[in-house]
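Top to bottom, those sequences are chains A and B.
Counting from 1, one number per residue, gives the positions in the first sequence under our numbering.
Counting from 1, one number per residue, gives the positions in the second sequence under our numbering.
Source of the hints: derived by calculation from the structure; they are not laboratory data.
Beta carbons are placed, not taken as given, at the ideal position from N, Cα and C, and that holds for glycine.
Treat the hints with care, since some could be wrong.
Said to hold, decoys possible - A few chain A residues facing chain B, derived, Cβ under 10 Å:
#, residue
1, L44
2, L68
3, D82
4, A91
5, L108
6, T115
7, A121
8, G129
9, H130
10, N140
11, M159
12, W173
13, L182
14, P246
Unchecked claim - Calculated pairs, DMTMM-like style, for lysine to aspartate or glutamate (alpha carbon to alpha carbon, straight line, at most 20 Å):
#, chain 1, residue 1, chain 2, residue 2
15, B, K169, B, D30
16, A, K4, B, E235
17, A, K4, A, D97
18, B, K4, A, E235
19, A, K4, A, D30
20, A, K217, A, E203
Unchecked claim - Below, a sample of chain B positions facing chain A; criterion: calculated Cβ distance under 7 Å:
#, residue
21, E94
22, G98
23, P112
24, I249
Number of protein chains: 2
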Amino acid sequence: MSGKLYVIGTGPGGAQQMTPETRAAVEASDDFLGYGPYLDRLALRSDQNHIASDNREELDRACAALKLAASGRKVCVVSGGDPGVFAMAAAVCEAIDGGPEEWRSIDLTILPGVTAMLAVAACVGAPLGHDFCAISLSDNLKPWDVITRRLRLMAEAGMVIALYNPISKARPWQLGEALSLLRETLPGETPVIFGRAAGRPDERMQIMPLGEADASKADMATCVIIGSPETRLIERAGQAPLVYTPRFITRESA
Amino acid sequence: MSGKLYVIGTGPGGAQQMTPETRAAVEASDDFLGYGPYLDRLALRSDQNHIASDNREELDRACAALKLAASGRKVCVVSGGDPGVFAMAAAVCEAIDGGPEEWRSIDLTILPGVTAMLAVAACVGAPLGHDFCAISLSDNLKPWDVITRRLRLMAEAGMVIALYNPISKARPWQLGEALSLLRETLPGETPVIFGRAAGRPDERMQIMPLGEADASKADMATCVIIGSPETRLIERAGQAPLVYTPRFITRESA
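Make the full structure from the sequences, and use the hints.
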């Protein structure tokens, strides 16, 4: 057996945001497992196997990939964005942790990619220019009160907050409640960015103050970035404003 | 005037981690401003201008780049990693914010890249697999008590913590103090990763428990990742262990 398992991310924008080392891993693999729309971004050859599955079956998919690699196949598990941020790398580790001993000796390579918050940030300026955090708003995998507690502590700490998985059909109210909760601590004029499909043809960036931020602007393809009290807007004639968080905090503003 | 300003990141590992859209921006630019070692990663053509400056002169460099772009040049400002994370995109926005009105109409494109914590995470498993934060440990740009307060709140919230700029000749004691402070809240067995030069020939990953973590293992090229109480190790015969943070938090562990 000389199987191999790659865990990769396509980058949010597809081919133009996929690193050369990730592209090389795609070229070298036989079997591809992932959510269908992510696999579609890869433009696979006809001799490469496309094993699409639903986006919510991460652990089953990880186990299937490990079985194929253990049987000697060259296998590629595909996430959108970066595979290490709320994505398949943790599911593959979890599967190895709970799986047969032989899975621990599989030749495993995880390759980093551009994660959604970085692509959204670049579209609008530099909102992640100072300390920030990334929180998944999905309460499928953790209790909602853990999420609200974390949001409160992040706002209290003055962190810029990137929200992944902000909304879905099965989770329609969580983002609205998160925004309400953040309004208790953060100024109403704090900039909020609804960054949809960054880097793709249907990219859409919307910037609005927290006091007016409306959860219905988000969908499953959106990453929401909520500024800190330091985050600033630069108005530009005929162009969208820039949003940035300064590199410094003065003693007075702290 | 038809100047252009790109703000890019090389990715931590150089060419193999630089996206195609970033490579295209490099091809299209005349003048390159950045810290010398980052410019060296680009392998510029002889007709492209290499304007290296010290790593601590970000605002001066941003102003110089904006002046060149305003004069009609195609200019590229170069960060390592991602330009939006503790890097040049915020300095360019700050320069625009405080600069002449005409700088607001410069054709500005910021391109996302792979930031260091993602590359380090991929090398060791998936430590950023659940909620995490990124904090710069440099007290050149913010008061030290803001940093310690944030670290305490992050540990209290159960976030995985990525520390950028952990140490330098001018800031020798801050990382040791940060680790001591985190030991007050987090279990001694919490995994800590000292990830140096991820993706480069001199890459070195060291994993140790927080109780034994020694700040002298870090240098300026290191990104330090401190796990949460959920972060786990998977031992592997003949290989470094995997470190990952599970995708889920159960009611019991919360």
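Do the hints match the structure? See the list:
1. L44: violated, 18 Å
2. L68: The hint is violated - L68 (chain A) has no Cβ within 10 Å of chain B, the shortest such distance being about 19 Å.
3. D82: holds, 5 Å
4. A91: holds, 6 Å
5. L108: Where the cut-off is 10 Å and the nearest Cβ of chain B is about 8 Å from L108 (chain A), the hint holds.
6. T115: Where the cut-off is 10 Å and the nearest Cβ of chain B is about 6 Å from T115 (chain A), the hint holds.
7. A121: holds, 4 Å
8. G129: Holds. Min distance 3 Å.
9. H130: Holds. Min distance 7 Å.
10. N140: holds, 8 Å
11. M159: holds, 6 Å
12. W173: With a closest approach of 20 Å, the W173 (chain A) hint is violated.
13. L182: Hint violated; L182 (chain A) Cβ to chain B Cβ min 14 Å, cut 10 Å.
14. P246: Holds, because the Cβ-Cβ distance from P246 (chain A) to chain B comes to roughly 6 Å (cut-off 10 Å).
15. B:K169 / B:D30: The given pair, whose Cα atoms are some 34 Å apart, is violated under the 20 Å limit.
16. A:K4 / B:E235: holds, 19 Å
17. A:K4 / A:D97: holds, 18 Å
18. B:K4 / A:E235: holds, 19 Å
19. A:K4 / A:D30: holds, 10 Å
20. A:K217 / A:E203: holds, 13 Å
21. E94: Constraint on E94 (chain B) satisfied, holds at 6 Å.
22. G98: At 10 Å from the nearest chain A Cβ, G98 (chain B) fails the 7 Å test, so the hint is violated.
23. P112: holds, 4 Å
24. I249: Holds: closest Cβ of chain A sits about 4 Å from I249 (chain B), inside 7 Å.
The structure shown violates the earlier hints numbered 1, 2, 12, 13, 15 and 22.
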